[in-house]
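Chemist: Here is how the chains run, residue by residue.
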Amino acid sequence: MREIAAEAVARAVREMCIEANTKLPADVAECLRIDSRCEPWPIARDALEKLVENFEIAGRENVPICQDTGLACVFIDLGQDVRIVEGGLYEAVNEGVRQGYGEGYLRKSVVADPLRRRNTGDNTPAHIHVEIAPGDHLALTVAPKGFGSENMGRLAMLPPSAGEGGVKDFVIESVRLAGPNPCPPVVVGVGIGGTFDRVALLAKKALLRPLDRPHADPYYADMERELLERVNALGIGPQGFGGRTTALGVRIETWPTHIAGLPVAVNLNCHVARHVSRKL
Amino acid sequence: MIGIRVETPLTRERALAFRAGDAVLISGVIYTARDAAHARLVELLDRNEPLPIDIRDALVYYVGPTPAKPGQVIGSAGPTTSYRMDAYAPRLMDLGLRGMIGKGRRSPRVIDSMRRNGAVYFGAIGGAGALLARRIVSAETVCYGDLGSEAIRRLTVRDFPVTVVVDAHGGNLHETGMAAYLEFAGRKQAGERPIPCRFRPADGCENTARCRWTPPPC
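Residue numbers (my numbering), protein chains in the order written: chain A, 1 to 280; chain B, 1 to 218.
Hints were generated in silico from the structure; no laboratory data involved. This one's a predicted model, so the numbers in the text were calculated from it and none came from an experiment. Beta carbons: idealized from backbone N, C-alpha and C, even for Gly. Mixed in with the good hints there might be a few duds.
Below 25 Å or equal to it, Euclidean Cα-Cα: the simulated BS3-like pairs (lysine-lysine) are [unchecked claim]:
hint: 1; chain 1: A; residue 1: K279; chain 2: A; residue 2: K23
hint: 2; chain 1: A; residue 1: K23; chain 2: A; residue 2: K50
hint: 3; chain 1: B; residue 1: K69; chain 2: A; residue 2: K23
hint: 4; chain 1: A; residue 1: K205; chain 2: A; residue 2: K168
hint: 5; chain 1: A; residue 1: K205; chain 2: A; residue 2: K279
hint: 6; chain 1: A; residue 1: K50; chain 2: B; residue 2: K69
So the derived label-pair ranges between C-beta atoms look like this [to be verified]:
hint: 7; chain 1: A; residue 1: R117; chain 2: B; residue 2: A23; range: 34 to 42 Å
hint: 8; chain 1: A; residue 1: D212; chain 2: B; residue 2: R47; range: 52 to 60 Å
hint: 9; chain 1: B; residue 1: A87; chain 2: A; residue 2: H137; range: 35 to 43 Å
Same shape as in the complex, but just chain B (with noise of 0.2 Å):
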């Protein structure tokens, strides 16, 4: 796998060194909290105690596992949808949280933070849950066991898979990532002519019977 290899925890000077569309393999502890545990965390701010985890300079991967089989470190983990939890993160990011790894669009207010605070978000494939469970080394529970699969687990990664989505300096795959491919179609706007297909039947494309793709692009 090809990517940009680094180490947790980051520094905010290695986050602004990232572009959005660069592909990073991360290694080392992470932390995996999602919708309830948010909000446990932000209502323990509210009555300023102290966190239950070392927030500066973590990455957070929002992340609801499936429970392990026997002899499973852990069960399917894919990445959750991100956006739910924007009404927490720009607090824990004026606490030093450096990387966020989800997936789908954050808001505007999020992106500021980011950009204040020196933070990344990265992509991880939505729906990959079996490949990714792969790059998790270890997992132990650090609190809110209540929770079951929300729960807060410190896990340990070894070239876990992520793409920039977010970067420190405001750039935005989503964004940018729809544009350059649309402009490689050779269109102006999205609904007007088909795409042509990259491959041909000399190029070695098998599937010239079953393309899925009208007009038959081969």
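This is chain A alone, in the form it adopts within the complex (with noise of 0.2 Å):
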């Protein structure tokens, strides 16, 4: 059995969700800086510009890249031979997030209760989700999530007889609803399969997912170039003033399903799609 100590825990998480809110991961900052020399239309360059520098600024001078430092979803990988010790993962993960906005000057924007809404004040509680695999590893992944985006996000359970197509609308539909909201260019996350509850999680991890990796299976890897195409095609661009570059890309993630059903979700995320990920 490995023991690794909470503080040890929380010491990791301060350090990368001041990371991930400062520095853009660089799949993400290439796809800008392609896109905004690749873009034809002008309104829509200029911004992009603006976003390379912008992202460059926040990279350079450590401070926020968006004023949206999110709600930090915590996604981790847990070997079934490791034991926390000294404290509880879950106290550990939210005392990191507690100690890095507040010493990384991240904004505070969780309420405790979602009708009443009193402000925390520190960021916590964290989103944290679990999963245990065999092994000794504790791997961690801080995805900071900004709510003009996630509000944005769709789910539907669809008939089987909907099929690809049916899924695939589902997706174009949702980014054309969203239009200028989420702060294209967009990172759209879809999950299929699973049940209700999963399929908007696997939404959700697919957004972690480099841009430039795609999906394993040539099926699906098609479909998120497919979907990109579809998607660049609705001329929504950047801020929604008009423009090629709508989404910086698709990922898909799958889970299997029962025979009834055919749920899909689309989770998108704007373009400072953060995420940073370490193994202790």
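Dock chain to chain to rebuild the complex, using the hints, since each chain is given by itself in its own frame.
Modeler: In structure tokens, the structure reads:
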């Protein structure tokens, strides 16, 4: 049994919260740089150039790329031969978020109750998801999620007869309805299969896969490519002012499902598609 | 940076001259307010109490900045999505609010109120909070400090870059910009053919090997 101190988890999460909010992942930065050169529509190109300038300033000066430093989504791959000692795992993650958002001068954007809406003042609790597998590893991913894009998510329980076409149309329709609101260019996370709750999680996890890594299954890699083309044919463009670059990428994750069901979910991310991973 | 320079407060006459798509650089005082602050302002109005800011010919910026680091005027400060303020904005425009700065769509009711009152909706670049903060030269809390990031602040901005998204005549860049682009792209409807790339290797495109557009456009 490998022992990991809760304090080590908290320290890692603290550092990752700050890093995620100030340094854009290399794959996202590369996409924005390329698109700022290749975008054919002038107002769209101007916007993309400003986005590049923005994340360069943020990285250089260690300031948040975006003022919505998000709800801290923390994904944990936990080996079953790991024991967290000197504290609880969830408490450690929340302590890391508390410290990171405080010391990093990040915005505290969490309310304790959805209707009474009192700010918790330290951006906790984090949204924590743990998956347990054989081994003695502990891998953390911190993905601060802004709600301008989160609010534009959609979920449908399609009939199996809707098939591939129905799923694709739902994705395109979701991006079209979101329009300028989620800060395009967006990253489109798509979940297909599982259950009502699982499919939403799949869509969010899809946002974590780097933009330069297509789906391992060629069938879904082709679908990702096709959906990206169709999304970028909508003409929404950066900020919704028109243009080709509506999305930087489409990422799909799937799960086995019931004979009667075809759940599909779309979780949009803005161009500040933040995520940092680390193994302890 | 290029744009029509304008100083606040913004008169009705000046506001009426803007057209959707205009690039504008704002200088002067603007006020921050987002969800929670708007709810409080409208509560004051419901009780017939005076507002804590002079709303006439004022500009409100929908923003909740990150905390300022030592030595900074303000933290990152890009726009938040505007539709959440749609429920409140017409009340404020009826009292003379001349402009709003945010991002994303507005409701038909807000756009109606803008036409009636001669107000403008500006878009700042969503997600460019570090860049936009550089155009803010001073910031002080006016009220609702207990709301933290959502407090009402008085900002002084210099050449703050925005685009007119909806003008006082109903012109709407989200609609016209998308239509103009799609026309440029040579298609009647979305989703038919890939759009040719503006660049060719001869034009200096260095991205041919890594181009993400299929089929390879260059």
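Chemist: State for each hint whether it applies.
Modeler: Here is how each hint holds up against the structure:
1. K279/A / K23/A: holds, 18 Å
2. K23/A / K50/A: Status holds; Cα separation ~16 Å.
3. K69/B / K23/A: holds, 17 Å
4. K205/A / K168/A: holds, 18 Å
5. K205/A / K279/A: Holds, because 17 Å separates the two Cα atoms, which is no more than 25 Å.
6. K50/A / K69/B: holds, 23 Å
7. R117/A / A23/B: 34 to 42 Å: Holds - the Cβ-Cβ distance for R117/A and A23/B, about 36 Å, lies within 34 to 42 Å.
8. D212/A / R47/B: 52 to 60 Å: holds, 56 Å
9. A87/B / H137/A: 35 to 43 Å: violated, 48 Å
In the structure shown, a violation is registered for the earlier hint numbered 9 alone.
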